[in-house]
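J.: So the sequence lines, in the order shown, correspond to chains A and B. The working numbering applies: residue 1 is where the first sequence begins, and numbers increase by one. The working numbering applies: residue 1 is where the second sequence begins, and numbers increase by one.
By construction, these hints were calculated from the structure, which means they are not laboratory data. Hints should not be assumed to be uniformly reliable.
To be verified - Here's a subset of chain A near chain B, in silico, CB distances under 8 Å, partners left out:
1. 98
2. 99
3. 103
4. 117
5. 239
Even glycine gets a Cβ: it sits at the ideal position worked out from N, Cα and C.
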Amino acid sequence: MRRSAPALVAVAIAALFFALLPFGLSDYHRGLAASVAVYLIAILGLNVLTGYTGQISIGHSAFMAIGGYTTAIMSHYHNTNLILTLPLAFAITFGCGVLVGLPALRLSGVYLALATFALAVSIPQLPLKFSTFTGGSAGISASKSVSNTWLYGVSWSTAAIAFLFTWLVLRGRTGRAFRAIRDSEIAATSSGVTLAIYKTLAFGVSAALAGVAGSLFVLVTNGFAQPNEFSVTLSLKILVGAAVAGLGSLWGILFGAAFIALLPTLSASAPLIGSAHGQDVVFGLFVIVVMILLPTGVAGLVPRLRRIRVKA
Amino acid sequence: MVELARKHPLSARRLPASPVLLLLVAACIFLTVGSLRSTIFAQLTVAGVATGVVFGSLALALVLIYRATEVINFAQGEMAMAMVYVAYQLMLWGLTYWEAFFLTLAIAFVFGVVTQQIFIRPVQGRSVIAVVIVTVGLFILIDGLVEWKWSANQRFMQAPFGNKIYHLGSVPIARQDLGTIVITLVSVLALWAFFRFTKLGLGMRAGALRPAAARLVGVRTNALLAVGWGLAAVLGAVAGLMTEPAEYVLQPTLMQPVLLYAFAAAVLGGLESPGGALVGGIALGIFLNLIGQYVHFVGSVLQLPVAFAALLLVLLVKPTGLFGHRTVRKV
């Protein structure tokens, strides 16, 4: 218990910081900060699957789409309280994740990545096909709009809950099983880890977190669920965020989320570049440079620094 | 520690498993019979082959890099797209189509080599995920650069083959489809000959199969990796230049759908197998064309999901694609 004391202090400071932060931000920046929380939850989800269980997924935008559409549809047709749609999205995407996880048991490595990639490009086509119900390419909107302050509060509270949830899942027996699968499936099986159960569970938990992120994502984008918002680019963005954060660690996630949520906006306002296209150039370059300089992400920086300090 | 043991030595050339071969023969018979009975069916099949070879050649570019690096290059499509813009620019400067075509291929080679040296080499040998993320970064970067230089507006390019239509019996075949098939197959054949008959090609195959052993006998694997990226970029450029006339307009999103299908084609064929990529591409092209026409529920909107659902089915039966080998794992 004593070992985790500094971590607890860090968490407390972070919580206090994010509770006080909105008072120092303009309305616009509160919305932006809310989107950081949304990406944080999505990266958390991907990290459970890719970082801890070693299963690569490029399909998380699909789970986000399912969560997002759950929120929009429930609110649009049934006028459900927006906060209540979050656990609903969690449950539905958990089910979807398990369903995807079952066939994924047969695939590994690049083949799994491409199968999930298939999911990511297929799901956004479905609202186009069933457009009378889902609003087609124009999208479907939640029945009421919310203020940025509300968004900030809800998304960061959800992020905190999601973080706690993930930490609890990963700290005990389940997390150990996940990591064992990641390090060696054969060794894990020999030690009594049932691959089928834990892999599908990892898929379920991971998808459920992505689903919740998707719900909030819809609320952050003016309450509109649109197919092209959930394109495969979103998946790649989350993957980039997870890699920047550092796979297999929870501490870098905040940086990863801030990286993908804020960098495009920040670089657009930088001098010299200015235009919207320059923003892509800067973002792409940053992604590459960060991966070259920090192959294990921000989370890998801490042990590195510690090693340097020990040497000195 | 789990180590991947490659069980196929250089010399062993194995035929694909017989059920797969039977399936392919059955598909060929089905297509031939269908084409003989219906003109529209034949027309769709030929057009499908034309789109399919383009998927196939981009898929082959992916396979080339995958075999050498064990990484999927997400930027492959965008690199191809950038090369189409280069060709466009060359033509604006007054070159004819074919001068621009061949000059672009040369530029593509250099572009591929330089990209590998600058961006991929520093992360090469680290985790696979790091390399993948770098290619994602390249995707975004190239997209941004092209939009910066040429803007996202639609451009129009000179068409290489014109609108002429040939008739084979009662079946109309567009010269453009025919040209696409010929050009793509020629470039694929040239590549195959390079790998099969040149010393450089032999070195590259060795480097891909057993990097350490190849290095020990004096193959400069690092330099050859760069050459591999160059060749992949050339193949991609061919795919891009053949996609453009089929799409009629040039815009930065040109290759994104093609890349999706190329992924699917490469996986369908088995990522280790160049021939598989081409077969996978052609199969996918024909399948998409036929299903879009004959299954009304699918139409144009559901083509993508249906194609990928079919791909998933194949993967569930054969988790390493049609022509992929099972790697034996040693604990």
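J.: List in ascending order the numbers of the hints, as given earlier, that are violated by the structure.
T.: 1 and 2
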